[in-house]
Amino acid sequence: MKRDVLERILWSLSVDRFSKEKFKENPEKYLSRFPLDADDVEMILSFDVKKLQEVGVNSMLTMGYWIEMSPDRSMATYNNKLGSTSGYSASIKG
Amino acid sequence: MAKIIGGFLVPHDPIMFVSPDAPEKSVADKAWAAFETCAQSLAEMEANTVIIVGNDHYMLFGTTCLPKYCIGTGHVEGPIDRLPGLNKGPVNNNEELANFIATDGAESGFDWAVARSFTTDHAFSIPYQLIVKRAEVISGRQIKAIPVYLGSAVDPFISMKRSRELGEQIADAVSRFDSDEKVAVIGSGGISHWVGVKESGQVNPEFDQRIIELCCKRDLDQLVALSDEEILEQGGNGAMELRNFVCAMAAVEASNVSLIEYQPVPEWVTGLGFMELKAS
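First to last, the sequence lines map onto chains A and B. Under the numbering used here, residues 1 to 94 are what the first sequence spells out, in order. Under the numbering used here, residues 95 to 374 are what the second sequence spells out, in order.
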C-alpha cells in the first residue's frame with residue numbers, strides 16, 4: 001500500500017541519521033530504492049505535506065520530516081502548505 | 095501484596111517546554127503549578143513505584159513494528175526527544191514488577207510487547223520528571239517508574255475497550271505481586287489537540303469539559319463508548335490519547351476523581367486537564 005511505503009520513508013527521514021544524510025546527498029537516488037511512482041516521488045521532493053496527509057500518511061510523520069528535512073523548516077510555512085493560518089504548532093523544535 | 099493507591103491524569107505537552115512564554119503568564123503558571131500539586135500529592139501517598147501510561151509519537155516505534163501495548167521491563171532511559179529543561183537521563187525502573195505484569199498478562203490473555211531496553215519519549219518523561227522525580231525530592235524517598243506505552247497516536251490504535259481491560263489486568267497483576275509495594279498509576283495525555291494537521295492550534299473546551307466530567311464521575315463505560323470518529327472530530331487526532339486515561343483509570347479503580355486544573359491553551363495547542371485518582 002502506498003501509504004505504508006511513504007510512512008517508512010518519512011519515518012526514516014525523521015529519525016534516522018543515515019537516511020537523512022543519503023537524502024540530502026541525492027534525494028532522487030535515495031528514493032529510487034523504494035517502490036514509488038512519479039507522483040509519490042514528487043510529493044516527497046516538493047514537501048507536499050497536504051497531499052501526503054490526503055493519502056493517509058500520519059501527520060506526526062509529515063511534521064517530523066518537514067522539521068528535519070525541508071528547506072526552511074518553518075512551521076508557519078508548514079501550516080500554510082496545509083491551508084492553515086494558525087500561528088501555533090505542535091512542533092517540538094519551535 | 096502490592097497495592098495500587100492512587101494516580102493522576104495529566105498532559106504531556108512538549109510545547110510547554112519549547113515555548114514556555116507563549117500563553118499568558120497566569121495560564122502558564124497554573125499549568126506548571128498543577129504538575130507541582132501532583133508531585134506534592136504523590137509524595138504524600140508514599141508510593142514506591144509509579145506506572146506511567148503514555149504513547150509513542152512515531153519516534154520510537156517505526157513502520158516495522160507498531161505494538162498495541164508495550165511495557166519496559168529492563169533498562170529504561172529518556173526522553174529521546176530532549177526538550178529545553180527536559181534532559182535525557184536514566185529511569186529507575188521497577189524491573190521485577192514490570193516483568194511480573196508482563197508474565198501475568200501472558201497467562202490471562204494479554205500478550206504484552208516487551209521492551210528489554212527502552213528509550214522513552216516525552217509522553218513518559220514529562221510526568222516522570224515533573225511529578226515522580228519531583229516527589230522524590232519532596233519526600234526524600236526513591237520512587238521507581240515503569241513505562242507502559244499504548245498505541246494511542248499511531249494507527250492501528252488500541253481500542254478503548256482493550257485499554258480498559260489492560261488497566262484491569264495491571265491492577266490484577268499488582269494485587270498478586272508478592273511485596274508491600276505501593277503503586278500509583280499516571281495516565282499521560284492531552285485532551286483536545288490537533289497535531290501536525292490543518293486544525294493545529296485549536297482546542298475544544300466543550301469536549302474537554304465533557305471528558306473531565308466523565309472522568310470525575312468515574313464513568314468508564316461512557317468514556318469507552320466514545321467512538322474514534324467522535325474523538326477525532328471533537329478532540330482531534332491528539333485526543334486519541336484518552337486511551338491512556340482509560341487504562342490508568344481502570345488500573346486505579348478510583349473511589350474519587352478530582353479536578354486539579356484545566357486550561358485550554360491554544361498557544362500550547364492542547365486542552366490541558368489535570369486530575370487526581372484516589373483509590374478506595
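It is possible that some hints are incorrect.
What the hints assert, rightly or not - Residues from chain B that face chain A, not an exhaustive set, calculated with beta carbons under 7 Å:
1. G156
2. T157
3. Q328
4. V363
Said to hold, decoys possible - Restricting the straight-line Cα-Cα distance to at most 30 Å, the calculated cross-link-like pairs of lysine-lysine (DSBU-like) are:
5. A:K81 - A:K29
6. B:K276 - B:K227
7. B:K119 - B:K276
8. B:K97 - B:K292
9. B:K227 - A:K2
10. B:K292 - B:K276
11. A:K22 - A:K51
12. A:K81 - B:K255
13. A:K20 - B:K182
14. A:K51 - A:K29
15. B:K276 - A:K50
16. A:K2 - A:K50
17. A:K29 - A:K2
18. A:K50 - A:K24
19. B:K372 - B:K255
20. A:K20 - B:K292
21. B:K182 - B:K227
22. B:K124 - A:K50
23. A:K20 - A:K50
24. B:K162 - A:K51
25. B:K182 - A:K22
26. B:K97 - B:K162
27. A:K20 - A:K51
28. B:K276 - B:K124
29. B:K124 - B:K182
30. A:K20 - B:K162
31. A:K81 - A:K24
32. A:K24 - B:K182
33. B:K182 - B:K119
34. A:K2 - A:K20
35. B:K119 - A:K51
36. A:K22 - A:K81
37. B:K119 - B:K255
38. B:K292 - B:K162
39. A:K2 - B:K119
40. B:K162 - B:K119
These aren't lab readings, by the way, just hints derived from the structure by calculation. For every residue, glycine included, the Cβ atom is placed at its ideal position computed from N, Cα and C.
Verification of the supplied hints:
Evaluation of the G156 of chain B hint against chain A yields a held restraint, the C-beta minimum of about 5 Å falling below 7 Å. The interface hint given for T157 of chain B is met, as the beta carbon of that residue sits about 4 Å from the closest beta carbon of chain A, less than 7 Å. Given the 7 Å rule on beta carbons, the hint for Q328 of chain B is violated: about 17 Å separates it from the nearest Cβ of chain A. Using the Cβ-Cβ criterion of 7 Å, the hint placing V363 of chain B at the interface with chain A is satisfied: the shortest such distance is roughly 5 Å.
Between K81 of chain A and K29 of chain A the CA atoms are separated by roughly 25 Å; this keeps the pair inside 30 Å, and the hint holds. For a cut-off of 30 Å, the pair hint linking K276 of chain B to K227 of chain B stands: about 16 Å separates their Cα positions. Of the pairs offered as hints, the one joining K119 of chain B and K276 of chain B is violated, with about 36 Å between alpha carbons and a cut-off of 30 Å exceeded. A hinted pair counts as satisfied when its Cα atoms are at most 30 Å apart, and K97 of chain B with K292 of chain B does not qualify at roughly 44 Å.
Taken as a hint, the K227 of chain B and K2 of chain A pair is broken in the structure, with Cα atoms around 44 Å apart against an allowance of 30 Å. With a C-alpha separation of about 44 Å, the suggested pairing of K292 of chain B with K276 of chain B is violated against the 30 Å cut-off. Annotation: proposed proximity of K22 of chain A to K51 of chain A holds, straight-line Cα distance about 24 Å (limit 30 Å). The suggested pairing of K81 of chain A with K255 of chain B is violated, with an alpha-carbon distance near 37 Å, which exceeds 30 Å.
A threshold of 30 Å between alpha carbons decides the hint, and for K20 of chain A with K182 of chain B the separation of about 23 Å falls inside it, so the pair holds. The suggested pairing of K51 of chain A with K29 of chain A holds, with an alpha-carbon distance near 22 Å, which does not exceed 30 Å. Straight-line distance between C-alpha atoms of K276 of chain B and K50 of chain A comes to about 48 Å, which puts the hinted pair past the 30 Å bound. About 15 Å separates the Cα atoms of K2 of chain A and K50 of chain A, which keeps this hinted pair within 30 Å; it holds.
With a CA separation close to 19 Å, the supplied pair K29 of chain A and K2 of chain A stays within the 30 Å bound. Only pairs whose Cα atoms come within 30 Å are accepted, and K50 of chain A paired with K24 of chain A is accepted, the gap being roughly 22 Å. A threshold of 30 Å between alpha carbons decides the hint, and for K372 of chain B with K255 of chain B the separation of about 22 Å falls inside it, so the pair holds. For the given pair, K20 of chain A sits about 26 Å from K292 of chain B by alpha-carbon distance, which is consistent with the 30 Å threshold.
Taking the CA atoms of K182 of chain B and K227 of chain B, the gap is near 13 Å; set against the 30 Å cutoff, the hint holds. Of the supplied pair hints, the one linking K124 of chain B and K50 of chain A is violated, its CA atoms being roughly 35 Å apart against a limit of 30 Å. Restraint check: the Cα-Cα separation between K20 of chain A and K50 of chain A comes to about 21 Å, which is no more than 30 Å; the hinted pair holds. For the suggested pair K162 of chain B and K51 of chain A, the alpha carbons sit about 27 Å apart, so the restraint of at most 30 Å is met.
About 27 Å separates the Cα atoms of K182 of chain B and K22 of chain A, which keeps this hinted pair within 30 Å; it holds. For the hint pairing K97 of chain B with K162 of chain B, the CA-to-CA distance comes to about 26 Å; that is within 30 Å, so the pair holds. The straight-line distance between the Cα atoms of K20 of chain A and K51 of chain A is roughly 21 Å, inside the 30 Å bound, and the hint therefore holds. For the suggested pair K276 of chain B and K124 of chain B, the alpha carbons sit about 29 Å apart, so the restraint of at most 30 Å is met.
At most 30 Å may separate the alpha-carbon atoms for a hinted pair to count; K124 of chain B and K182 of chain B meet this at roughly 25 Å. A distance of roughly 28 Å separates the Cα atoms of K20 of chain A and K162 of chain B; the hinted pair therefore holds under the 30 Å criterion. Of the supplied pair hints, the one linking K81 of chain A and K24 of chain A holds, its CA atoms being roughly 22 Å apart against a limit of 30 Å. Restraint check for K24 of chain A and K182 of chain B: the C-alpha separation of about 28 Å stays at or below 30 Å, so the hint holds.
Between K182 of chain B and K119 of chain B the alpha-carbon distance is near 27 Å, which keeps this suggested pair within the 30 Å criterion. Proximity of K2 of chain A to K20 of chain A is assessed by CA-CA distance (about 21 Å); at most 30 Å being required, the pair is judged to hold. As the CA atoms of K119 of chain B and K51 of chain A are separated by approximately 38 Å, the hinted pair breaks the 30 Å bound. Simply put, K22 of chain A and K81 of chain A have alpha-carbon atoms about 25 Å apart, close enough for the 30 Å limit, and the pair holds.
For the hint linking K119 of chain B to K255 of chain B, the alpha-carbon distance of about 39 Å lies beyond 30 Å, and the restraint is violated. Using a Cα cut-off of 30 Å, the hinted pair K292 of chain B and K162 of chain B holds, with the two alpha carbons roughly 27 Å apart. With a C-alpha separation of about 45 Å, the suggested pair K2 of chain A and K119 of chain B falls outside the 30 Å cut-off, and the hint is violated. For the hint pairing K162 of chain B with K119 of chain B, the CA-to-CA distance comes to about 38 Å; that exceeds 30 Å, so the pair is violated.
Comparing the model with each numbered hint stated earlier shows that hints 3, 7, 8, 9, 10, 12, 15, 22, 35, 37, 39, 40 do not hold.
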